[in-house]
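Undergrad: Same order as they appear, the protein sequences are chains A and B.
First residue of the first sequence? That's 6 in our numbering, and the numbers climb one at a time after it.
First residue of the second sequence? That's 34 in our numbering, and the numbers climb one at a time after it.
Bear in mind the hints are in silico, worked out from the structure with no lab data behind them.
Positions of the beta carbon are idealized from the N, C-alpha and C atoms, including for glycine.
A hint or two may mislead.
What follows is a list of derived Cβ distance ranges for each label pair [claimed, not checked]:
no., chain 1, residue 1, chain 2, residue 2, range
1, B, 99, A, 125, 29 to 39 Å
2, A, 116, B, 51, 18 to 28 Å
3, A, 31, B, 52, 35 to 45 Å
4, B, 77, A, 53, 12 to 22 Å
5, B, 44, A, 43, 42 to 52 Å
6, A, 41, B, 69, 13 to 23 Å
7, B, 97, A, 38, 17 to 27 Å
8, B, 69, A, 87, 21 to 31 Å
9, B, 77, A, 65, 41 to 51 Å
10, A, 39, B, 99, 29 to 39 Å
11, A, 132, B, 85, 19 to 29 Å
12, A, 106, B, 82, 33 to 43 Å
13, B, 83, A, 157, 10 to 20 Å
14, B, 93, A, 132, 22 to 32 Å
Take a look at the letters that make up each chain.
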Amino acid sequence: MVDILWQVRAFVYSHFADTTRPPSVEETAAHFNIKTEEAGELYKELNNRHSFFLEPETLTIRMANPFSGIPTDFKVHVNGKTYFANCAWDMLGIPAALHSDAVIDAIFTESNESIQLEVKDGKVINYAQGGVPAEDGGSSSLLIHFPLPFTRWYDDLVFT
Amino acid sequence: MLLFRSEEWIEKWCKRNHLERGEILTINQVWELSKLWYHNRMSVDYHGRSMEQVAEIFRKAGLTSKFWYPRS
Chain A
6 MVDILWQVRA FVYSHFADTT RPPSVEETAA HFNIKTEEAG ELYKELNNRH
56 SFFLEPETLT IRMANPFSGI PTDFKVHVNG KTYFANCAWD MLGIPAALHS
106 DAVIDAIFTE SNESIQLEVK DGKVINYAQG GVPAEDGGSS SLLIHFPLPF
156 TRWYDDLVFT
Chain B
34 MLLFRSEEWI EKWCKRNHLE RGEILTINQV WELSKLWYHN RMSVDYHGRS
84 MEQVAEIFRK AGLTSKFWYP RS
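All chains should be modelled from the sequences, with the hints used to inform the complete structure.
TA: Printed below as a string of structure tokens:
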């Protein structure tokens, strides 16, 4: 079971990267030529191991960090595809995971303004100031708030 | 983890949600953390990481306060 478990994890991530969405349990079962029930048990085990996260009481993948299975305020455009990231950290996690440049459309929390960032040549660039980045890329003043200490991240991952 | 324009907006958000302020990082700090945290996420050999590996990533990213301790 262990071998196929990690193959399923890899398939889910590969599917996300290729299609921008998670595979359904039926798609995973078909890919591995196994029963849907068996694929479901593998999904539950990977959820228990924090390899990805299911919607409560379902076999629908909500998060395979940094990818989100549902729309969010963090859109990440990479190589002609648009992904949703789970949070402000994960919007940078997608280009890091894919080892690619990216354009990010995000919404500031509380002020609700939109912003476009670019990850290019290993740097984060903010084009908010009239399309001209500051000397440091214009992103040094943008802030990401981590509300909970690491020991509590998995208590409620959606909130985190 | 949410994106804010300034600390002022973080204070407003915390107050409105009756939450304590957590840790605030610049986007460049989070980019450095992202590369350490996610660089091998697509690998078939990635099976998660130990608490020791988590602590090492935070250390490399310069995150050394108690907030980042992997064990309480």
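Undergrad: With 33 to 43 Å as the target window, see if residue 106 (chain A) and residue 82 (chain B) comply at their CB atoms.
TA: violated (26 Å)
Undergrad: Is 29 to 39 Å a correct range for the gap between the Cβ atoms of residue 39 (chain A) and residue 99 (chain B)?
TA: violated (45 Å)
Undergrad: Using the Cβ atoms, figure out if residue 41 (chain A) sits within 13 to 23 Å of residue 69 (chain B).
TA: violated (37 Å)
Undergrad: Mind checking the hinted window 29 to 39 Å against the Cβ distance between residue 99 (chain B) and residue 125 (chain A)?
TA: At roughly 35 Å between Cβ atoms, residue 125 (chain A) and residue 99 (chain B) fall inside 29 to 39 Å, so the hint holds.
Undergrad: Taking 35 to 45 Å as the stated bounds, is the beta-carbon spacing between residue 31 (chain A) and residue 52 (chain B) within them?
TA: For residue 31 (chain A) and residue 52 (chain B) the Cβ distance comes to about 39 Å; the hint holds.
Undergrad: Between residue 93 (chain B) and residue 132 (chain A), does the C-beta distance stay in 22 to 32 Å?
TA: The hinted range 22 to 32 Å holds for residue 93 (chain B) and residue 132 (chain A), with Cβ atoms some 29 Å apart.
Undergrad: In this structure, is the beta-carbon distance linking residue 44 (chain B) and residue 43 (chain A) contained in 42 to 52 Å?
TA: holds (50 Å)
Undergrad: So does residue 69 (chain B) sit 21 to 31 Å from residue 87 (chain A), Cβ to Cβ?
TA: Holds, at about 25 Å.
Undergrad: Per the hint of 10 to 20 Å, is the separation of the Cβ atoms of residue 83 (chain B) and residue 157 (chain A) within bounds?
TA: holds (19 Å)
Undergrad: Given a hint of 17 to 27 Å, does the C-beta separation of residue 97 (chain B) and residue 38 (chain A) actually sit inside it?
TA: violated (48 Å)
Undergrad: Does the Cβ pair residue 77 (chain B), residue 53 (chain A) satisfy 12 to 22 Å?
TA: holds (20 Å)
Undergrad: Does the Cβ pair residue 132 (chain A), residue 85 (chain B) satisfy 19 to 29 Å?
TA: violated (39 Å)
When held up to the earlier numbered hints, the structure conflicts with 6, 7, 9, 10, 11, 12 and fits the remainder.
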